[in-house]
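Spelled out from the first residue to the last, the chains are:
Number of protein chains: 2
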Amino acid sequence: MLHKNRLFTPGPTPLLPAAQTAMAAFTAHHRTADFKALFQRVLADMKEFIGTKNDVLVLACSGTGVMEAAVSNLTSPHDKVLVLTAGKFGERWSGLCKAFGCQVEELKVPYGETFSLDEIRARLSSNPRAVFVQATESSTGVRHDIEAIAKVVRQHGDETLLVVDAITGLGTTHLDVDGWGIDFIIGGSQKALMMPPGLAYCAVSERAWKSMDKTISPRYYFDLRKERKSAAKGETAYTPATSLFAALGAALEFIRGMGAGNLAQGREALVNNAELCAEMTRAGAKALGLKLYASAPAGALTAICAPEALDSGKIVKEFRESFDAVVANGQGEMKGKIFRIAHIGYYDYLDTIGILGALEHVLARVTDKSIEYGSAVRAAQQVYARTMTEKRQLVNA
Amino acid sequence: MLHKNRLFTPGPTPLLPAAQTAMAAFTAHHRTADFKALFQRVLADMKEFIGTKNDVLVLACSGTGVMEAAVSNLTSPHDKVLVLTAGKFGERWSGLCKAFGCQVEELKVPYGETFSLDEIRARLSSNPRAVFVQATESSTGVRHDIEAIAKVVRQHGDETLLVVDAITGLGTTHLDVDGWGIDFIIGGSQKALMMPPGLAYCAVSERAWKSMDKTISPRYYFDLRKERKSAAKGETAYTPATSLFAALGAALEFIRGMGAGNLAQGREALVNNAELCAEMTRAGAKALGLKLYASAPAGALTAICAPEALDSGKIVKEFRESFDAVVANGQGEMKGKIFRIAHIGYYDYLDTIGILGALEHVLARVTDKSIEYGSAVRAAQQVYARTMTEKRQLVNA
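So the sequences go chain by chain: C and S.
Counting in the working numbering, the first sequence runs from 1 upward without gaps.
Counting in the working numbering, the second sequence runs from 1 upward without gaps.
Keep in mind the hints are simulated off the structure, nothing from the lab.
Certain hints may be false.
For identical chains, the list gives no copy identity; a pair is met inside one copy or between any two copies.
As the list claims (entries may be wrong) - With a cut-off of at most 27 Å between alpha-carbon atoms, the simulated DSS-like pairs for lysine-lysine come out as follows: (1) Lys98 <-> Lys214; (2) Lys391 <-> Lys314; (3) Lys335 <-> Lys317; (4) Lys391 <-> Lys317; (5) Lys4 <-> Lys391; (6) Lys317 <-> Lys229; (7) Lys210 <-> Lys47; (8) Lys98 <-> Lys291; (9) Lys233 <-> Lys314.
Chain C extracted, bound-state conformation (with noise of 0.2 Å):
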C-alpha cells in the first residue's frame, strides 16, 4: 500500500505547509529592514503565543542550547540548584547544571512518576539559587503540576528562580507563566510550532534578569543579556536562522487563525487540541488492554507499555514498516518497554483515529493478543463525540 511518511513523534512533528512554504520563499538578508519587520512580529506574538509579558528571545539553536543558556546565565560555579528530574530531560538539567559547575541536589522519582510538592517544599530549605523541572517529561509522557510546584517555589521567596523546560509542553498543556511567576520558560520549533528544528525560544522574568547579573559562568553565544539588547533594537546578537523566522511567522498566524485572529485563544485551541488527541488515545490503548505508562499523562504525547515480555521496539518496527508511521520508542532504561505517540501541534481527528487503526494491526501482527479491529478506535470516537458534544452545548447554554 502507498506510504505517507507520517511523524507521530515528540518532535520533529508534523509540517505546517504554510509554514514550510514561508520557509521556502524566504530569502531576506538578516540586516535588513524586512527581516527586522519580520524578527520584532514575531517576538511581539511569541510574547503572546507563550501568555507571558516577558521578554522573548528566539535563538538559533535546539531546545538543549536555551537549557544550557538558562544554567550558564542564571547559575554560578557552586552554586545550589534543585533538579525535579523524573526521566531523560529531567537528568539533562542534572548534568547541564554539573557541567557548569553547580552543587546539583537532585529530587528524583521514578520514571513514569511525578513529584510530591512536599518533597520539594522540604528540598527548598537549602536555598537553591534556582529550581529546574520539565513541564512534560517527554521520555515518560508525564505531565508536571507546574502550577502547584510555581506556588510552592514562590512561597519560598524570591531569592530561588524556576526554570521550567516546557519544550514540548508549551502548546500542549495550559501554563500561565507570568500569573505562576514562572521566571525563565523554553519551548523549541520542532514542536507544537509545526515546523523544523533549529530554533528555540525562551520568555525571561525581571527577577531572572536582575539575577544574571550576579552570574560568572562562562556563556558568549548563549548571553542572553546581549541578545535582548540586541532584540530591543530590532536584531540578534549573530546571525539569525532567517528561513525558519519565516516559517514562524507562518505558523503564528495559523495559530492565531485557530483563535479566530485571538493568538491567545489560538495557542488555547492548539492545546485543547492536543488535549483530546491525547484523550482519544489514551482511551483507544485501554480499550486494546495495555497500560499507560505515565501516572499523570500529558497532552503532549501518550506512553504506552508494551505487553508483557514483549520487546516495544518491535511494535515501533511494524508502525515504520507497514505504515510508514514513526512512533518514539522508550529512551534510556525505558527502551523496548514503551512506546510513544505524540500528540504535539499538527495533528488532527483522522490522524489520530487513522494511528489507533494501524495500532490494531501492529497488535494483531506482533503479540499473539486476539484484537477486535474497530475497538481502539471506537473508544477514541467516543471520547470525540462526547468531547463535541459538550463543545456545542457550552456554545449553546
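For chain C, the structure is supplied; the task is to place chain S on it using the hints.
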C-alpha cells in the same frame, strides 16, 4: 479541533509533497536544454506510466481540453460517432461531438449502471468513425469494462476508433492500452498523478494518427499532428506549463519508487492502492447500512447513497464543517442523492480509516440512525488485514 484541509474529491486530489517542491523550485525557460531534457524524460516515462508504446502528448489544459482534441482530431462534421454514456462525463462526450458537428448516436444507460456488450455490438452496425467512453464514470463511481468493450470494438474492425476518457481511470484501474487496442486514451494531472490541475495527456495509436489525415474539423491549439512533430524535436508547439512538468517529473519518480525502480510496476502498485482503499471504503459504507450507488464500483472513487430522505449535501457539508474534509456531492440529477469519496492517487491507510471514522460522526450528526462507532472502520480493517495476509502468503509462496 485542528483541521487539516483534506481533499477526498475525485480530482483535484491530495498533492505529492515532492511534486509541490519540484514545482515551486522550477524556473527554467521552456526553450532551453534543461527543459528539453525534462520534457523528453517525462514523455518517455509517461509511456511507461500509461503502459503503451504509442506516442504520448502532454498538453497545457484540463482533461476536457484533450477530450476536445480527441473529437476535433478524430472526427469531421457529419461523421457518425457512438457515445457510450452513463453519467455526466458520458454526456460531455455527446456535447463535444455535437459541438463539432458529428452525427451522435448515444448508447445511454441509467446513472449508476454500465453497458451491455450486446447493445454496443448492435450499435456498431452503423459503422461509427469512433466510439467514445469513460474508463470510470466519475459522476457515478462506475467502472466500465474497457477490456470487454475494446474487444467488441476491435472485432468490429479497424475503421472504428476507440477513444477512452481515463482521466480518473489511469492509475486507479488496470488498463492494457496496446493489448486491448485503445486508440486514444486520456488522463489528467490532478488525478492519480498526485499533482495540481493544468496538464492533460493522451496516448494515440498509429491507427488514430492515420485517421487524423482525413479529419477536416477546425483545430489549432489542439492540433495533435503539430504537437507530435514538436515532441519529436523535444519541444511543445506552444508554451508548456513548465512548473507542472517539473511536478510531473517528480510524481513519476515517486511512482517509480513505488515499483522499486520500475515505473510500470509502480503504476500497478498505485492501482492496487486505489483498489484497496476503495474496497475498504465499500466495506465500511456497507457496515453502516449504506447503499453503494454504482452497479460496478470503480477503484477511483466510491459513490454512496445518502440514507432515505436525506439530502447528501448535508453529509458533504458536515464533513466540511467538522473535519475540513471535502467529499463530493452527486452531480447533475444525482446532486443531493449520493456523495463520493475518492481513492485516486495519494491516499494511504490512515487517510482511509480516518475518513471512515469521520463518516460515522457525520452520520450520527445528520441522521437519526444509531451509529455503532468503529463499525465502518472495523469492516475496512478486516479488508486491509485480509489483503495484507494474502499478499504476505503470495510473497512467501
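Verification of the supplied hints:
1. When the C-alpha separation of Lys98 and Lys214 is checked against a cutoff of 27 Å, the pair qualifies only within one copy, where the shortest distance is 19 Å, while the shortest distance between copies is 88 Å.
2. For the identical chains of this complex, Lys391 and Lys314 are inter-copy neighbours only, at 21 Å across copies versus 39 Å inside a copy, given an alpha-carbon limit of 27 Å.
3. Taking the shortest Cα distances, Lys335 and Lys317 sit within 27 Å of each other inside one copy (13 Å), while across copies they are farther apart (45 Å).
4. In this homomeric assembly, Lys391 and Lys317 come within 27 Å of each other (Cα to Cα) only across copies, at 19 Å, whereas the closest approach inside a single copy is 38 Å.
5. Only between protomers do Lys4 and Lys391 lie at most 27 Å apart by alpha-carbon distance; the minimum there is 20 Å, versus 32 Å within a single protomer.
6. Taking CA atoms no more than 27 Å apart as the test, Lys317 paired with Lys229 passes in neither setting, with 48 Å inside one copy and 52 Å between copies.
7. In the homo-oligomer, the alpha carbons of Lys210 and Lys47 lie at most 27 Å apart inside one protomer (20 Å), although the nearest pairing across protomers, at 70 Å, exceeds that limit.
8. Neither within a single protomer nor between protomers do Lys98 and Lys291 lie at most 27 Å apart by alpha-carbon distance, with minima of 35 Å and 67 Å respectively.
9. When the C-alpha separation of Lys233 and Lys314 is checked against a cutoff of 27 Å, the pair qualifies neither within a copy, at 52 Å, nor between copies, at 54 Å.
In this structure, the earlier hints numbered 6, 8 and 9 are contradicted, and the remaining ones agree with it.
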